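Keeping their order, the protein sequence lines are chains C and F. Note that this note's numbering numbers the first sequence so that position 36 is 36, with each residue one more than the last. So the number in this note's numbering is just where the residue sits in the second sequence, counting from 1, plus 303.
Hint data in this document are derived by calculation from the structure and do not stem from the laboratory. Among the clues, some could well be false.
[To be verified] Dumping the calculated DSSO-like pairs for lysine-lysine here, alpha-carbon to alpha-carbon at most 30 Å:
| # | chain 1 | residue 1 | chain 2 | residue 2 |
| --- | --- | --- | --- | --- |
| 1 | F | 436 | F | 414 |
| 2 | C | 100 | F | 422 |
| 3 | F | 503 | F | 321 |
| 4 | F | 414 | C | 168 |
| 5 | F | 365 | F | 308 |
| 6 | F | 461 | F | 422 |
| 7 | F | 461 | F | 365 |
| 8 | F | 392 | F | 461 |
| 9 | F | 503 | F | 436 |
| 10 | F | 316 | F | 461 |
| 11 | F | 378 | F | 519 |
| 12 | F | 461 | F | 321 |
| 13 | F | 308 | F | 507 |
| 14 | F | 436 | C | 168 |
| 15 | F | 419 | C | 168 |
| 16 | F | 316 | C | 168 |
| 17 | F | 419 | C | 100 |
| 18 | C | 168 | F | 422 |
| 19 | F | 519 | F | 503 |
| 20 | C | 70 | C | 128 |
| 21 | F | 321 | F | 392 |
| 22 | F | 414 | F | 507 |
| 23 | F | 308 | F | 461 |
| 24 | F | 392 | C | 168 |
| 25 | C | 100 | F | 308 |
| 26 | F | 419 | F | 436 |
| 27 | F | 365 | F | 519 |
| 28 | F | 507 | F | 321 |
| 29 | F | 436 | F | 461 |
| 30 | C | 100 | F | 316 |
In this text the structure is predicted, and so the values were computed from the model without any measurement.
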Amino acid sequence: MSLSLLSRGEMQFDQLLQYTLSGLSTGAIYALIGIGFSIIYNATGIINFAQGEFVMLGGLFTLTCLDLLKLPIWAAVPCAVVASTVAGLLFERLAIRPLKAPTPINLVIITIGGSILIRGLAMLAWGKDTHSIPSFSGDDPIAIGGATILPQHLWILAITVIIIIINKYYFYYTISGKAMRACAYNRRAAGLVGIDVRRMVLFSFLISSAMGAMAGIIVAPLTMTAYDVGVMLGLKGFCAAIIGGMSSGMATVVGGLLLGILESLGAGLISSGYKDAIAFIILLLILFIRPQGLFGKADSERV
Amino acid sequence: MLRLKNINTYYGKVHALKNISLHLGQGEIVTLIGANGAGKTTILNTISGVTPASAGEILFNKEPVSALQPDRIVKLGISQVPEGRQVFKPLSVEDNLELGAYLRYRSREWKATIHKDMKQVFELFPRLEERRKQLAGTMSGGEQQMLAIGRALMANPKLLLLDEPSMGLAPLVVQEIFRVLERLRQESGTTILLVEQNAKAALKLADRGYVLETGKVILEGAADELMENAEVKRAYLGKDKKEMWER
Ligand SMILES: Nc1ncnc2c1ncn2[C@@H]1O[C@H](COP(=O)(O)OP(=O)(O)OP(=O)(O)O)[C@@H](O)[C@H]1O
Ligand SMILES: [Mg+2]
Chain C
1 MSLSLLSRGE
11 MQFDQLLQYT
21 LSGLSTGAIY
31 ALIGIGFSII
41 YNATGIINFA
51 QGEFVMLGGL
61 FTLTCLDLLK
71 LPIWAAVPCA
81 VVASTVAGLL
91 FERLAIRPLK
101 APTPINLVII
111 TIGGSILIRG
121 LAMLAWGKDT
131 HSIPSFSGDD
141 PIAIGGATIL
151 PQHLWILAIT
161 VIIIIINKYY
171 FYYTISGKAM
181 RACAYNRRAA
191 GLVGIDVRRM
201 VLFSFLISSA
211 MGAMAGIIVA
221 PLTMTAYDVG
231 VMLGLKGFCA
241 AIIGGMSSGM
251 ATVVGGLLLG
261 ILESLGAGLI
271 SSGYKDAIAF
281 IILLLILFIR
291 PQGLFGKADS
301 ERV
Chain F
304 MLRLKNINTY
314 YGKVHALKNI
324 SLHLGQGEIV
334 TLIGANGAGK
344 TTILNTISGV
354 TPASAGEILF
364 NKEPVSALQP
374 DRIVKLGISQ
384 VPEGRQVFKP
394 LSVEDNLELG
404 AYLRYRSREW
414 KATIHKDMKQ
424 VFELFPRLEE
434 RRKQLAGTMS
444 GGEQQMLAIG
454 RALMANPKLL
464 LLDEPSMGLA
474 PLVVQEIFRV
484 LERLRQESGT
494 TILLVEQNAK
504 AALKLADRGY
514 VLETGKVILE
524 GAADELMENA
534 EVKRAYLGKD
544 KKEMWER
């Protein structure tokens, strides 16, 4: 009797560990996408609803590089990042910059319209099917305690950590990153010291689309990819950014991880049908109760 | 060096500057005085390209500059110390100064020149050196004003625009700042356009002045003449105000 209770408890612990681990890796993806939202928001005040589409483009461009161009994976990934980033830059140049009256509502319409357009083009280019992308280094499960994870999970966590470190370095130790923070804090004063604010806006789209694409690429081997994966991933990333108070630093990372873990626990312990609902419930709760984010003071720096 | 010809600037329907004409000669200190809402800040922002004029012409060293973006204006050698200081509060003192030299960061000798220039700023404002690692937002108002001036100087401007540098500061700090302006003119020949509510201190420092009222220049002349002008005395050098400043 007592023995069976113990093993039951152990099993539950293993399960919790399992859910947490897989939640962490999905959460890392959300964090990357969320930081992309925040960087653009901080530099420009725009919520870029097309952010998810660059995540989608990352995965699908990787597919093209692998299948059509026959590149090895280590070459396909950077190629896909570059291609998606170019798409991000074109989007800023063609859709955002020419706006005569960049009021918030116009920008919302433009980014939503842009996202529908990009999705449509992707559907024409890659079709409606779901595609799979091979894992970076095999699919042999690795045991951690009583749980198992895939090598791809480790890739996701490692790449996310590296990107976050690079991001931190850029914003705090390079003149261009400091200029970006200056723009985020006070755009007019940034112009007055000679910072080309419009170039910084372009730059923020560059960084965000590159990060989004990278997120889309590293998650694709686990979840498959298709022309419409950007919608859900974009919304989850947005949710991470909202939890983090639109910070482009650790707060959004924590927001993403929290969301990933809660989703995974909710799906495992309650029902997988609720998985997506969890994100929206959190989103609404945060917006109603703590619009400055979970950790935010009313007007602290968001970088 | 700088010449504004019949400048008109609007905020939507608000006609903020009405046919403003003024000029600054090389090495001059010129002050703009006027009541709240007269359009002083708007003049500086129009020169800096923040609120472009809808009519009129701005010449800097005989080149038209009225259609340029703010960063291009800085590149030409016109730096502004904006109203309310507007330092980058979340960044350190050093980072603020470094960003002041942003336009030079592509040049090869950037690292060397930036250190030299920063030393010069620290020499003018030793307080900034003591606090170089401190976040700008945690400094006192006076220190932030010094930082704002230092940041503008890091661009090596030929013409410095200052918008109410004495606002909200203790008299001693104001004196210190005005002494630095005087030194700048003497040592580096910087031309200065100074907007001030503190008309007495400004006229004492300046060579010439313009008096602004509701978007128009109503008086101009040598600083000592303006100081003696009955109208100026009444409106800007009144006894009450004097007591307020001299406290
Ligand atoms: N962003 C704006 N939108 C609309 N009107 C503005 C704006 N900024 C200034 N104005 C108007 O333009 C006029 C001139 O303003 P400005 O800020 O240049 O005055 P000022 O002389 O600098 O005043 P102060 O001494 O208070 O700084 C004022 O009537 C003001 O209300
Ligand atoms: Mg003003």
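So, going through the hints one by one against the coordinates:
The suggested pairing of residue 436 of chain F with residue 414 of chain F holds, with an alpha-carbon distance near 18 Å, which does not exceed 30 Å. Straight-line distance between C-alpha atoms of residue 100 of chain C and residue 422 of chain F comes to about 43 Å, which puts the hinted pair past the 30 Å bound. Distance hint between residue 503 of chain F and residue 321 of chain F is fulfilled; the C-alpha atoms sit about 26 Å from each other, no more than 30 Å. Between the alpha carbons of residue 414 of chain F and residue 168 of chain C the distance comes to roughly 22 Å, so the proposed pair stays at or under 30 Å and holds.
Annotation: proposed proximity of residue 365 of chain F to residue 308 of chain F holds, straight-line Cα distance about 12 Å (limit 30 Å). Restraint check: the Cα-Cα separation between residue 461 of chain F and residue 422 of chain F comes to about 19 Å, which is no more than 30 Å; the hinted pair holds. Distance hint between residue 461 of chain F and residue 365 of chain F is fulfilled; the C-alpha atoms sit about 14 Å from each other, no more than 30 Å. Simply put, residue 392 of chain F and residue 461 of chain F have alpha-carbon atoms about 26 Å apart, close enough for the 30 Å limit, and the pair holds.
Taken as a hint, the residue 503 of chain F and residue 436 of chain F pair is broken in the structure, with Cα atoms around 36 Å apart against an allowance of 30 Å. Restraint check for residue 316 of chain F and residue 461 of chain F: the C-alpha separation of about 34 Å exceeds 30 Å, so the hint is violated. Between residue 378 of chain F and residue 519 of chain F, the direct Cα distance comes to roughly 29 Å. Compliance with the 30 Å bound is thereby established for this hinted pair. For the given pair, residue 461 of chain F sits about 27 Å from residue 321 of chain F by alpha-carbon distance, which is consistent with the 30 Å threshold.
Proximity of residue 308 of chain F to residue 507 of chain F is assessed by CA-CA distance (about 27 Å); at most 30 Å being required, the pair is judged to hold. The hinted pair formed by residue 436 of chain F and residue 168 of chain C meets the criterion: a straight-line CA distance of about 18 Å does not exceed 30 Å. The suggested pairing of residue 419 of chain F with residue 168 of chain C holds, with an alpha-carbon distance near 28 Å, which does not exceed 30 Å. Proposed proximity of residue 316 of chain F and residue 168 of chain C is contradicted: the alpha carbons are some 44 Å apart, above 30 Å.
For the given pair, residue 419 of chain F sits about 42 Å from residue 100 of chain C by alpha-carbon distance, which is inconsistent with the 30 Å threshold. Proximity of residue 168 of chain C to residue 422 of chain F is assessed by CA-CA distance (about 28 Å); at most 30 Å being required, the pair is judged to hold. Under the criterion of a C-alpha separation no larger than 30 Å, the hint pairing residue 519 of chain F with residue 503 of chain F is consistent with the structure, at around 21 Å. Only pairs whose Cα atoms come within 30 Å are accepted, and residue 70 of chain C paired with residue 128 of chain C is accepted, the gap being roughly 22 Å.
A hinted pair counts as satisfied when its Cα atoms are at most 30 Å apart, and residue 321 of chain F with residue 392 of chain F does not qualify at roughly 35 Å. Taking the CA atoms of residue 414 of chain F and residue 507 of chain F, the gap is near 38 Å; set against the 30 Å cutoff, the hint is violated. At roughly 20 Å between alpha-carbon atoms, residue 308 of chain F and residue 461 of chain F fall within 30 Å of each other, so this suggested pair holds. Straight-line distance between C-alpha atoms of residue 392 of chain F and residue 168 of chain C comes to about 18 Å, which keeps the hinted pair within the 30 Å bound.
Distance hint between residue 100 of chain C and residue 308 of chain F is fulfilled; the C-alpha atoms sit about 28 Å from each other, no more than 30 Å. At most 30 Å may separate the alpha-carbon atoms for a hinted pair to count; residue 419 of chain F and residue 436 of chain F meet this at roughly 18 Å. Between residue 365 of chain F and residue 519 of chain F the alpha-carbon distance is near 24 Å, which keeps this suggested pair within the 30 Å criterion. For the given pair, residue 507 of chain F sits about 27 Å from residue 321 of chain F by alpha-carbon distance, which is consistent with the 30 Å threshold.
Of the pairs offered as hints, the one joining residue 436 of chain F and residue 461 of chain F holds, with about 28 Å between alpha carbons and a cut-off of 30 Å not exceeded. For a cut-off of 30 Å, the pair hint linking residue 100 of chain C to residue 316 of chain F stands: about 18 Å separates their Cα positions.
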